[in-house]
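Peer 1: Here's the letter readout for the chains.
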Amino acid sequence: EAGVTQFPSHSVIEKGQTVTLRCDPISGHDNLYWYRRVMGKEIKFLLHFVKESKQDESGMPNNRFLAERTGGTYSTLKVQPAELEDSGVYFCASSQETWGEAFFGQGTRLTVV
Amino acid sequence: EDQVTQSPEALRLQEGESSSLNCSYTVSGLRGLFWYRQDPGKGPEFLFTLYSAGEEKEKERLKATLTKKESFLHITAPKPEDSATYLCAVRGGSQGNLIFGKGTKLSVKP
Numbered sequence: 113e114a115g116v117t118q119f120p121s122h123s124v125i126e127k128g129q130t131v132t133l134r135c136d137p138i139s140g141h142d143n144l145y146w147y148r149r150v151m152g153k154e155i156k157f158l159l160h161f162v163k164e165s166k167q168d169e170s171g172m173p174n175n176r177f178l179a180e181r182t183g184g185t186y187s188t189l190k191v192q193p194a195e196l197e198d199s200g201v202y203f204c205a206s207s208q209e210t211w212g213e214a215f216f217g218q219g220t221r222l223t224v225v
Numbered sequence: 052e053d054q055v056t057q058s059p060e061a062l063r064l065q066e067g068e069s070s071s072l073n074c075s076y077t078v079s080g081l082r083g084l085f086w087y088r089q090d091p092g093k094g095p096e097f098l099f100t101l102y103s104a105g106e107e108k109e110k111e112r113l114k115a116t117l118t119k120k121e122s123f124l125h126i127t128a129p130k131p132e133d134s135a136t137y138l139c140a141v142r143g144g145s146q147g148n149l150i151f152g153k154g155t156k157l158s159v160k161p
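Quick mapping for you: the protein sequence lines, in order, are chains A and B.
The working numbering applies: residue 113 is where the first sequence begins, and numbers increase by one.
The working numbering applies: residue 52 is where the second sequence begins, and numbers increase by one.
These aren't lab readings, by the way, just hints derived from the structure by calculation.
All residues carry an ideal CB built from backbone N, CA and C; glycine is no exception.
No false leads were mixed into what you were given.
Computed list of lysine-lysine pairs in DSS-like fashion (alpha-carbon distance at most 25 Å, straight line):
| hint | chain 1 | residue 1 | chain 2 | residue 2 |
| --- | --- | --- | --- | --- |
| 1 | B | Lys120 | B | Lys108 |
| 2 | B | Lys153 | B | Lys108 |
| 3 | B | Lys120 | A | Lys153 |
| 4 | A | Lys190 | B | Lys93 |
| 5 | B | Lys108 | B | Lys93 |
| 6 | A | Lys156 | B | Lys119 |
| 7 | B | Lys156 | B | Lys130 |
| 8 | B | Lys153 | A | Lys153 |
| 9 | B | Lys153 | A | Lys156 |
| 10 | B | Lys130 | B | Lys110 |
| 11 | A | Lys156 | B | Lys156 |
| 12 | B | Lys120 | A | Lys156 |
| 13 | B | Lys93 | A | Lys153 |
| 14 | A | Lys127 | A | Lys153 |
| 15 | A | Lys153 | B | Lys156 |
| 16 | B | Lys114 | B | Lys130 |
| 17 | A | Lys190 | A | Lys163 |
| 18 | B | Lys156 | B | Lys93 |
| 19 | B | Lys93 | A | Lys156 |
Ranges of calculated distance between the beta carbons of each label pair, as one might list FRET restraints:
| hint | chain 1 | residue 1 | chain 2 | residue 2 | range |
| --- | --- | --- | --- | --- | --- |
| 20 | B | Pro131 | A | Ser139 | 31 to 37 Å |
| 21 | A | Met151 | B | Lys114 | 30 to 36 Å |
| 22 | B | Pro91 | A | Glu209 | 29 to 35 Å |
| 23 | A | Glu126 | B | Ala104 | 47 to 53 Å |
| 24 | A | Val150 | B | Lys114 | 27 to 33 Å |
| 25 | A | Glu197 | B | Thr127 | 38 to 44 Å |
| 26 | B | Gly92 | A | Trp211 | 25 to 31 Å |
| 27 | B | Glu107 | A | Arg134 | 35 to 41 Å |
| 28 | A | Gly140 | B | Asp53 | 27 to 33 Å |
| 29 | A | Gly152 | B | His125 | 26 to 32 Å |
| 30 | A | Met151 | B | Lys110 | 28 to 34 Å |
Far from chain A, some chain B residues (derived; all Cβ distances over 10 Å):
| hint | residue |
| --- | --- |
| 31 | Ser71 |
| 32 | Ser103 |
| 33 | Phe123 |
So here's chain A without its partners, still in its complex pose (with noise of 0.2 Å):
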């Protein structure tokens, strides 16, 4: 069974440029859950969709961030203009229940310079 897959996996844009990170969760996995690593802090919850719907966009940092899953599958998160401060490592995780366990992908490294 295929893992939660994660793409690219390393981007590097400039500062105002706009960057699409997509995500595959694991096949039957309704829960999709983006998360980000800052450098030297914790990972932080983004958000998170049941299916093709927004459950909780609470970590979403401000509008430059737009997250969509169309039809219930696969996932996009789009950073627009993006910032020097949104350089991390994204990561998206799926879950078949709400309180299940949680699996990652490898994440994808933003820098933006």
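Once you have looked at the hints, place chain B on chain A.
Peer 2: Quick look at chain B alone, frame taken from chain A:
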């Protein structure tokens, strides 16, 4: 405010030298405490979930325990391949998201 604190930040052990990692937490209505292992450049790898005080789970050289305020990850006779960062996270309240600690970086020398 929900919070997770892990100690120590870093731990160096000799192969075979057993020890424990600590995770102290404050959460409203615990709905699971999770342990993950993370290797450099990779995502967190799920190890255990504990749901209630007194619960214990084991996997190879690892054993996780839970009280009402903290969890311990006991490592028995560690090997160099156990070197990694170990992350603790809690889920509480009415939301499904995890709240993470900063992790403990474990190094096991042969």
